[in-house]
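Visitor: So you can see what is in the structure, the chains are spelled out below.
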Amino acid sequence: DQQVKQNSPSLSVQEGRISILNCDYTNSMFDYFLWYKKYPAEGPTFLISISSIKDKNEDGRFTVFLNKSAKHLSLHIVPSQPGDSAVYFCAARAYSGNTPLVFGKGTRLSVIA
Amino acid sequence: NAGVMQNPRHLVRRRGQEARLRCSPMKGHSHVYWYRQLPEEGLKFMVYLQKENIIDESGMPKERFSAEFPKEGPSILRIQQVVRGDSAAYFCASSPPVPGEQYFGPGTRLTVT
Numbered sequence: 002d003q004q005v006k007q008n009s010p011s012l013s014v015q016e017g018r019i020s021i022l023n024c025d026y027t028n029s030m031f032d033y034f035l036w037y038k039k040y041p042a043e044g045p046t047f048l049i050s051i052s053s054i055k056d057k058n059e060d061g062r063f064t065v066f067l068n069k070s071a072k073h074l075s076l077h078i079v080p081s082q083p084g085d086s087a088v089y090f091c092a093a094r095a096y097s098g099n100t101p102l103v104f105g106k107g108t109r110l111s112v113i114a
Numbered sequence: 344n345a346g347v348m349q350n351p352r353h354l355v356r357r358r359g360q361e362a363r364l365r366c367s368p369m370k371g372h373s374h375v376y377w378y379r380q381l382p383e384e385g386l387k388f389m390v391y392l393q394k395e396n397i398i399d400e401s402g403m404p405k406e407r408f409s410a411e412f413p414k415e416g417p418s419i420l421r422i423q424q425v426v427r428g429d430s431a432a433y434f435c436a437s438s439p440p441v442p443g444e445q446y447f448g449p450g451t452r453l454t455v456t
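So the sequences go chain by chain: A and B.
Each residue of the first sequence is one higher than the one before, counting from 2 in this note's numbering.
Each residue of the second sequence is one higher than the one before, counting from 344 in this note's numbering.
Isolated chain A (complex conformation) (with noise of 0.2 Å):
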């Protein structure tokens, strides 16, 4: 039963353009979000987090919007650019405190100059 859905595999956009990469849940226990970025042969790097007291959260280029209601949410990446291209996982933790996460499988995004 997976708790984290990252529905879509992969995302191409052009460079320059916006990025939106989606992210689904299932447990109303999660109370705080988080996006990794991950280059092929090297560990996930933490990008920007959510807590579900916010609705939005912006860092730079990358912006987490989170729908409570619904359960989901995205990662905005403005403008793209070609070393954006890795494979983005979405994570989620429930309560607060260090507890572990659970990783959905993950979107492979490409930018294309």
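It is worth saying that the hints were derived from the structure and are not from the lab.
One or more hints might be untrue.
Dumping the calculated DSBU-like pairs for lysine-lysine here, alpha-carbon to alpha-carbon at most 30 Å [as the list claims (entries may be wrong)]:
no.	chain 1	residue 1	chain 2	residue 2
1	B	K387	A	K57
2	B	K370	A	K39
3	A	K106	A	K57
4	B	K414	A	K72
5	A	K106	B	K405
6	A	K55	B	K387
7	B	K387	A	K106
8	B	K394	A	K39
9	B	K414	A	K6
10	B	K405	B	K394
11	A	K69	B	K387
12	B	K387	A	K39
13	A	K6	B	K405
14	B	K394	B	K414
15	A	K55	A	K106
Given chain A's structure and the hints, the job is docking chain B onto it.
Guide: For chain B alone, coordinates are given in the frame of chain A:
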């Protein structure tokens, strides 16, 4: 400030041998998590440790797998009598004492022949 370190980066074992994977957390981090990634899958939680304590091992197989985080030295994930299905990338993450993001190491790629 060095990041999370894992070694070895690549490990080849024959069926039936033992695999030992090491993880040194970031300086100041006292929480360590182990995750496993199978091909085309997301990361799956295995075990969460603090110094000298296993906090949550709900994701770790009951047999052949064990983990420790001693008072001195790195955290170790040990797999006894490896089988082909153990072939995967094993990632370690660490987080500080106050709740925060988890930072990942580069991973150990285990191949069982």
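Visitor: Evaluate each hint against the coordinates.
Guide: Hint-by-hint comparison with the structure:
| no. | hint | result |
| --- | --- | --- |
| 1 | K387(B) to K57(A) | holds, 27 Å |
| 2 | K370(B) to K39(A) | holds, 22 Å |
| 3 | K106(A) to K57(A) | holds, 23 Å |
| 4 | K414(B) to K72(A) | violated, 40 Å |
| 5 | K106(A) to K405(B) | holds, 24 Å |
| 6 | K55(A) to K387(B) | holds, 26 Å |
| 7 | K387(B) to K106(A) | holds, 10 Å |
| 8 | K394(B) to K39(A) | holds, 28 Å |
| 9 | K414(B) to K6(A) | violated, 37 Å |
| 10 | K405(B) to K394(B) | holds, 21 Å |
| 11 | K69(A) to K387(B) | holds, 24 Å |
| 12 | K387(B) to K39(A) | holds, 15 Å |
| 13 | K6(A) to K405(B) | holds, 27 Å |
| 14 | K394(B) to K414(B) | holds, 6 Å |
| 15 | K55(A) to K106(A) | holds, 24 Å |
Hint check: violations occur at hints 4, 9; the rest are consistent with the structure.
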